[in-house]
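Trainee: If you want the building blocks of each chain, they are given just below.
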Amino acid sequence: MLGRMANNVYWMARYIERAENLARLLATTYHMSLMPTASGEDTANWEAPLILVGGREDFLSRYGEVTPGNVLNYMALDLDNTSSIRSCIRVARENARATRTGLTTEVWEGINQTYIELESMSYPQMLDDGFQEFFDWIKERSHTFRGACYGTLRRAECFAFTRLGTFIERADNTARFLSIKWDMLTPSGRPLGAVDYYRWGALLRAFSALKAYREVYSTIIEPRRVAELLVLRRDMPRSLVACTLEVAGVLRGLRSQAMCTRVCGQIHERLERHRIDGILRSGLPQFLNTFVARNNELHAMIGREFMLVL
Amino acid sequence: MPWQEDGSAVTRKKTGMLKRAFDEMHGFDDGLRKAYQAYDAWLKTTHIERLVEKHQQADLIFRRLGITFSVYGSEEGVERLIPFDVVPRILDAEEWRIVSTGVCQRVRAINAYLDDIYHGQNILRAGRIPAELVLNNPAFRPEVLGLDLPRGVYVHVAGIDVVRVGPGEFYVLEDNARVPSGVSYMLEDRETMMRLFPELFPLHAVAPVNHYPEMLLRTLRSAAAPGVVDPTVVVLTPGHFNSAYFEHAFLATQMGVELVEGQDMFVEDDTVFMRTTDGPRRVDVIYRRIDDDFIDPLAFDPSSQLGVPGLLSVVRNGRVTLANAIGTGVADDKAIYCFVPEMIEFYLGEKPILSNVPTYRCAIADDRAYVIDHLEELVVKEVAGSGGYGMLVGPTSTAEQRYAFKASILAHPERFIAQPTLSLSTCPTLVDGKLVPRHVDLRPYVLTGETTSVVPGGLTRVALREGSLVVNSSQGGGTKDTWVLEG
Chain V
1 MLGRMANNVY WMARYIERAE NLARLLATTY HMSLMPTASG EDTANWEAPL ILVGGREDFL
61 SRYGEVTPGN VLNYMALDLD NTSSIRSCIR VARENARATR TGLTTEVWEG INQTYIELES
121 MSYPQMLDDG FQEFFDWIKE RSHTFRGACY GTLRRAECFA FTRLGTFIER ADNTARFLSI
181 KWDMLTPSGR PLGAVDYYRW GALLRAFSAL KAYREVYSTI IEPRRVAELL VLRRDMPRSL
241 VACTLEVAGV LRGLRSQAMC TRVCGQIHER LERHRIDGIL RSGLPQFLNT FVARNNELHA
301 MIGREFMLVL
Chain A
311 MPWQEDGSAV TRKKTGMLKR AFDEMHGFDD GLRKAYQAYD AWLKTTHIER LVEKHQQADL
371 IFRRLGITFS VYGSEEGVER LIPFDVVPRI LDAEEWRIVS TGVCQRVRAI NAYLDDIYHG
431 QNILRAGRIP AELVLNNPAF RPEVLGLDLP RGVYVHVAGI DVVRVGPGEF YVLEDNARVP
491 SGVSYMLEDR ETMMRLFPEL FPLHAVAPVN HYPEMLLRTL RSAAAPGVVD PTVVVLTPGH
551 FNSAYFEHAF LATQMGVELV EGQDMFVEDD TVFMRTTDGP RRVDVIYRRI DDDFIDPLAF
611 DPSSQLGVPG LLSVVRNGRV TLANAIGTGV ADDKAIYCFV PEMIEFYLGE KPILSNVPTY
671 RCAIADDRAY VIDHLEELVV KEVAGSGGYG MLVGPTSTAE QRYAFKASIL AHPERFIAQP
731 TLSLSTCPTL VDGKLVPRHV DLRPYVLTGE TTSVVPGGLT RVALREGSLV VNSSQGGGTK
791 DTWVLEG
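For the record, the sequence lines run as chains V and A.
The opening position of the first sequence corresponds to residue 1 in the numbering used here, with each subsequent residue numbered one higher.
The opening position of the second sequence corresponds to residue 311 in the numbering used here, with each subsequent residue numbered one higher.
The hints are simulated quantities; they were obtained by calculation from the structure and are not laboratory data.
Hints should not be assumed to be uniformly reliable.
To be verified - Dumping the calculated SDA-like pairs for lysine to any residue here, alpha-carbon to alpha-carbon at most 25 angstroms:
1) K139(V) - R373(A)
2) K139(V) - L375(A)
3) K139(V) - G55(V)
Only chain V is shown next, with the shape it has when bound in the complex (with noise of 0.2 angstroms):
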């Protein structure tokens, strides 16, 4: 395969994950913000978004006040924010376009739909139809992406790569996402209390993890065990440690002697390592901000070991 082309379907995979993350984040956003607050706490809630993508400064220039309306309208439509799930789906199909010849006619004919059914909406629309059904929509399109790639691509290499933008992809947005919330959703030193418990089983459903929190612990939710969940439970398919262990693998189904291949396997082998009371005691934030950065270097590694980025 091409390593462009590698590049190329890497990086649809990466935008389509990225579009399902916002989406998941935003729908939680919005259902938090349906609670009874004090309204310093909403505006908070409604920053999360904008500060996970780093877009605060330019939303605050164009749209002046953070509102609901605002962020829904800047996060998911808006094509001057590059971080926005309609420039992402963009992103991903014309990354797809430009490698079209890689794909099976599923996988592609997936994605143009979806962007040119995002393409002809409006934000009246997306307001008329509801705001939990556009984001349904978006998770639904991702999981069509993933169930074309999984069902149709042959198991070579563009299988491969496109394997590796999701869950690298998916790593980092867990990371970060978990990261902004564990602050805002950690009262200090007050007990939990009914609203408290509501958040987390919100954030918890951004994952699609409350019913296995149920599964798994049986007991009511409790942050640590959350952090728990989503950082070291191999069997959660959102969790850190699971999509490195899915990087792992198909790194080393690649090039198992690789640089980037050992370095996945040290990440992952040290994820595995850690006891979650550990992680919290010297900070979850900090550990969140380490793996990311770590799992960034690794997307730089593969870029360098397949696809000549430099």
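Fit chain A to the supplied structure of chain V, relying on the hints for placement.
Mentor: Coordinates of chain A only, in the frame set by chain V:
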């Protein structure tokens, strides 16, 4: 636009001096033509609303498949659809025999001519073509003089634009010997027709076209240097912002070969390699979809980002084959066009099967005088122009336009040719919920490998505007599926 050159021709509509155009379905209004009998019977049992519905469905299919072309100039690279018409253009076996043998004959002659031009130049020495027309031509590439190509093939893929004016009267309007495009529309149009109107196909013995990609691959593999076992073929595209990118991707996929950009390849050890995830891999045949000028920044346009530095030297050493070869442009400009019948006689010793449109070369005094006197009836074209630019359509022109052209012709006669206005045939076409006659042309795609052959049919382009004879997609042209009936 995806078409390389404009295939425009113009008829005289206003003056009414010409007889009405020949219709593919109804002839000169003298009864239903044979090829359309089964279609006509079907049409009589079909509501027009159903056609309209199918037409809308076709749009959706094309959009979903991403069969679009990009429009340059607009900020975001807007993608458009080329309008697809649901009424097929049908040719019977006898008509196709004339067209197919005619275009193959032309391409054989053009290949012989190019081989001669870059070797002995016998045709120039015999005085059959003015030497300055060839040697001073900007498309003439002295860099490849004396270079022997596998089987002497220069034009592996040609698109010959054919128009019709009467039952058996076909004319060649233009030969495209550089990078002809549009073949993906021929294939997708058929695919779409079969999806929309499955019931029509059992009623007609329509010759298949979908083996074109296999024929193309076989042609390209046969172009590899002698001794190369299992040659690696690639399609070279300018990239996904190019207007014809869809077609490049389509053909690469259908042939199962890599679609590369210039940056994906490099030259080392007198060999062209592509960069793959497994390291460099040797390339033997490049089906290039970029022009000569951009193919190698070291040899031609140094600012080109699209080509591969050093490619020409590998070509010259016979270690990679380009399809089409470098320098084929010297066979298809509008002045050389006049001499294709000469070529056929000179190289093949045959009579041309298809006629040229009579062409006046303004460089010749007698021709020029005639053109100046008859501007109102003629179509004047710039020799090097394409895409419908630099053209005067006499019958629909204003006095000022004619005056301006007269001045231009007198100033630079060698830059202009003129042709009589042809009355292109029409074909029923769905416009605003009605079937109305619209002018069409036909571009069969001729492949030359071990032999010269053509898939039955080609791309029919249709001018959707009433009375218009300009079929270019940029000028509101659409496409139709082209059926050749077996029998």
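Trainee: Please go over all the hints and tell whether each is borne out by the structure.
Mentor: We went through each hint and held it up to the structure:
For the suggested pair K139(V) and R373(A), the alpha carbons sit about 23 angstroms apart, so the restraint of at most 25 angstroms is met. Simply put, K139(V) and L375(A) have alpha-carbon atoms about 22 angstroms apart, close enough for the 25 angstroms limit, and the pair holds. Taken as a hint, the K139(V) and G55(V) pair is honoured in the structure, with Cα atoms around 22 angstroms apart against an allowance of 25 angstroms.
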